[in-house]
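Number of protein chains: 4
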Amino acid sequence: MADESVRDALAEFVAERDWAQFHTPENLAKSISIEAAELLECFQWGAAPDDSAVRDELADVLTYCLLLADRLGVDPDRIVLEKLEATRAKYPVEKARGSSAKYDRL
Amino acid sequence: MADESVRDALAEFVAERDWAQFHTPENLAKSISIEAAELLECFQWGAAPDDSAVRDELADVLTYCLLLADRLGVDPDRIVLEKLEATRAKYPVEKARGSSAKYDRL
Amino acid sequence: MADESVRDALAEFVAERDWAQFHTPENLAKSISIEAAELLECFQWGAAPDDSAVRDELADVLTYCLLLADRLGVDPDRIVLEKLEATRAKYPVEKARGSSAKYDRL
Amino acid sequence: MADESVRDALAEFVAERDWAQFHTPENLAKSISIEAAELLECFQWGAAPDDSAVRDELADVLTYCLLLADRLGVDPDRIVLEKLEATRAKYPVEKARGSSAKYDRL
Chain A
1 MADESVRDAL AEFVAERDWA QFHTPENLAK SISIEAAELL ECFQWGAAPD
51 DSAVRDELAD VLTYCLLLAD RLGVDPDRIV LEKLEATRAK YPVEKARGSS
101 AKYDRL
Chain B
1001 MADESVRDAL AEFVAERDWA QFHTPENLAK SISIEAAELL ECFQWGAAPD
1051 DSAVRDELAD VLTYCLLLAD RLGVDPDRIV LEKLEATRAK YPVEKARGSS
1101 AKYDRL
Chain C
2001 MADESVRDAL AEFVAERDWA QFHTPENLAK SISIEAAELL ECFQWGAAPD
2051 DSAVRDELAD VLTYCLLLAD RLGVDPDRIV LEKLEATRAK YPVEKARGSS
2101 AKYDRL
Chain D
3001 MADESVRDAL AEFVAERDWA QFHTPENLAK SISIEAAELL ECFQWGAAPD
3051 DSAVRDELAD VLTYCLLLAD RLGVDPDRIV LEKLEATRAK YPVEKARGSS
3101 AKYDRL
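These protein sequence lines map, in sequence, to chains A, B, C and D. Quick note on our numbering: the first sequence kicks off at 1 and runs consecutively. Quick note on our numbering: the second sequence kicks off at 1001 and runs consecutively. Quick note on our numbering: the third sequence kicks off at 2001 and runs consecutively. Quick note on our numbering: the fourth sequence kicks off at 3001 and runs consecutively.
Since the hints were derived computationally from the structure, they do not count as laboratory data. Check the hints yourself; a few may be wrong.
[To be verified] Heads up, simulated DSS-like pairs for lysine-lysine below, C-alpha to C-alpha not over 25 angstroms straight-line:
(1) Lys3083(D) to Lys3095(D)
(2) Lys2090(C) to Lys102(A)
(3) Lys1083(B) to Lys3090(D)
(4) Lys1095(B) to Lys1083(B)
(5) Lys1083(B) to Lys1102(B)
(6) Lys3095(D) to Lys1102(B)
(7) Lys2102(C) to Lys102(A)
(8) Lys2090(C) to Lys2102(C)
(9) Lys102(A) to Lys2083(C)
(10) Lys83(A) to Lys102(A)
(11) Lys2095(C) to Lys2083(C)
(12) Lys102(A) to Lys90(A)
(13) Lys1102(B) to Lys1090(B)
(14) Lys3090(D) to Lys3102(D)
(15) Lys3102(D) to Lys1090(B)
(16) Lys3102(D) to Lys3083(D)
(17) Lys2102(C) to Lys2083(C)
(18) Lys1102(B) to Lys3090(D)
(19) Lys90(A) to Lys2102(C)
(20) Lys83(A) to Lys2102(C)
(21) Lys95(A) to Lys83(A)
(22) Lys1083(B) to Lys3102(D)
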């Protein structure tokens, strides 16, 4: 995820603007929530969403996620795959197949 | 972002469990907000955050973002880079450097 | 909470605009999250918040909470007091005093 | 909203536990977002929500809203009514009736 060129482009963008000072883990976490809600707003009243707005807001959430991953010194690909293994154990196929129930209700 | 192996691993995980039926764009957008808040909870009261919990929750947000990108048929790398160009125009270096002000307040 | 006049004013406002059709519990829950994030945005980068914006966004969150309470047929005062009793049991004074730890970590 | 007895009960609960130190406006804003997402989680996958869970989570959002109102020294009823007047101007009945469109799209 976020191959070298994307992450380098983001890091350069931030450095040019001297913005790293604002990118504390907490501020980035707040930003992820803020952008996630702007994405959710595309679906607020049940009307057909504006595809271009959805893409734009999703890009904002992803951008802040990548900035937080870099700030924490973790690789986004790696943490997703690690979490997938933990989720695999909580949702064995034979119990979870076809169900949206949470793991403690399977 | 999300090289082939990560996205394939996620797609396979979802297919094995027949979960694609729940992954409407709206449900995924809700999920991104829900996980973003669990990430924010690591910073709720100002105490030093639990690094392992932060990584775990960030992984959850990223996972749902990748699932939504796939559902929309967009490439995560690409939409982040496209958005970066739009942001570059709204925040020219000479005006935005060192400032956290929103673009309409520069 | 929300004495008769506030709740009546809200109900009348919604009825005049024929908006009740959009106020499903789910749409109201989404709206509460969306407005909560706009409130959070006042604190995004750590600068001193704009008091008037904070009040405005808090009003929006409260408005949707009252609309949801009405939609569910519950009294806001009552559910807050009921929840307070449950919280009292989870956070006995002798253990919780001066601590921001979650109940399972006291 | 939040008649004397509810607000007094909350203030007393917080004082007994010496928790006011954690209730900065920012921490309360984060808490409102966190609880709003727990409310949203009741509707995550489209299944019929658990009414008791919805009421419980709504109570949590309301609780933090009341704590923030007190911390800011504002009356919840009053700010909701003030905001309603501003919204009335943005959504005149003749234009907004029956529409979920945002005010700049009426």
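A quick look at each hint next to the structure:
Distance restraint check for Lys3083(D) and Lys3095(D): the Cα-Cα separation of roughly 19 angstroms lies within the 25 angstroms cut-off, and the hinted pair is therefore satisfied. The hinted pair formed by Lys2090(C) and Lys102(A) meets the criterion: a straight-line CA distance of about 23 angstroms does not exceed 25 angstroms. Using a Cα cut-off of 25 angstroms, the hinted pair Lys1083(B) and Lys3090(D) is violated, with the two alpha carbons roughly 30 angstroms apart. Restraint check for Lys1095(B) and Lys1083(B): satisfied, since their Cα atoms lie roughly 19 angstroms apart, inside the 25 angstroms limit.
For a cut-off of 25 angstroms, the pair hint linking Lys1083(B) to Lys1102(B) stands: about 16 angstroms separates their Cα positions. Simply put, Lys3095(D) and Lys1102(B) have alpha-carbon atoms about 31 angstroms apart, too far for the 25 angstroms limit, and the pair is violated. Distance check on the hinted pair: Lys2102(C) and Lys102(A) sit about 22 angstroms apart at the alpha-carbon level, within 25 angstroms; holds. A distance of roughly 9 angstroms separates the Cα atoms of Lys2090(C) and Lys2102(C); the hinted pair therefore holds under the 25 angstroms criterion.
Pair hint Lys102(A) plus Lys2083(C) holds up; C-alpha atoms about 23 angstroms apart against a cutoff of 25 angstroms. Under the criterion of a C-alpha separation no larger than 25 angstroms, the hint pairing Lys83(A) with Lys102(A) is consistent with the structure, at around 16 angstroms. Under the criterion of a C-alpha separation no larger than 25 angstroms, the hint pairing Lys2095(C) with Lys2083(C) is consistent with the structure, at around 19 angstroms. Restraint check: the Cα-Cα separation between Lys102(A) and Lys90(A) comes to about 9 angstroms, which is no more than 25 angstroms; the hinted pair holds.
Pair hint Lys1102(B) plus Lys1090(B) holds up; C-alpha atoms about 9 angstroms apart against a cutoff of 25 angstroms. Restraint check for Lys3090(D) and Lys3102(D): satisfied, since their Cα atoms lie roughly 9 angstroms apart, inside the 25 angstroms limit. For a cut-off of 25 angstroms, the pair hint linking Lys3102(D) to Lys1090(B) stands: about 23 angstroms separates their Cα positions. At most 25 angstroms may separate the alpha-carbon atoms for a hinted pair to count; Lys3102(D) and Lys3083(D) meet this at roughly 16 angstroms.
Distance hint between Lys2102(C) and Lys2083(C) is fulfilled; the C-alpha atoms sit about 16 angstroms from each other, no more than 25 angstroms. At roughly 23 angstroms between alpha-carbon atoms, Lys1102(B) and Lys3090(D) fall within 25 angstroms of each other, so this suggested pair holds. In summary, the hint linking Lys90(A) to Lys2102(C) is supported, as the alpha carbons are separated by about 23 angstroms, within the 25 angstroms threshold. With a CA separation close to 23 angstroms, the supplied pair Lys83(A) and Lys2102(C) stays within the 25 angstroms bound.
Only pairs whose Cα atoms come within 25 angstroms are accepted, and Lys95(A) paired with Lys83(A) is accepted, the gap being roughly 19 angstroms. Distance check on the hinted pair: Lys1083(B) and Lys3102(D) sit about 23 angstroms apart at the alpha-carbon level, within 25 angstroms; holds.
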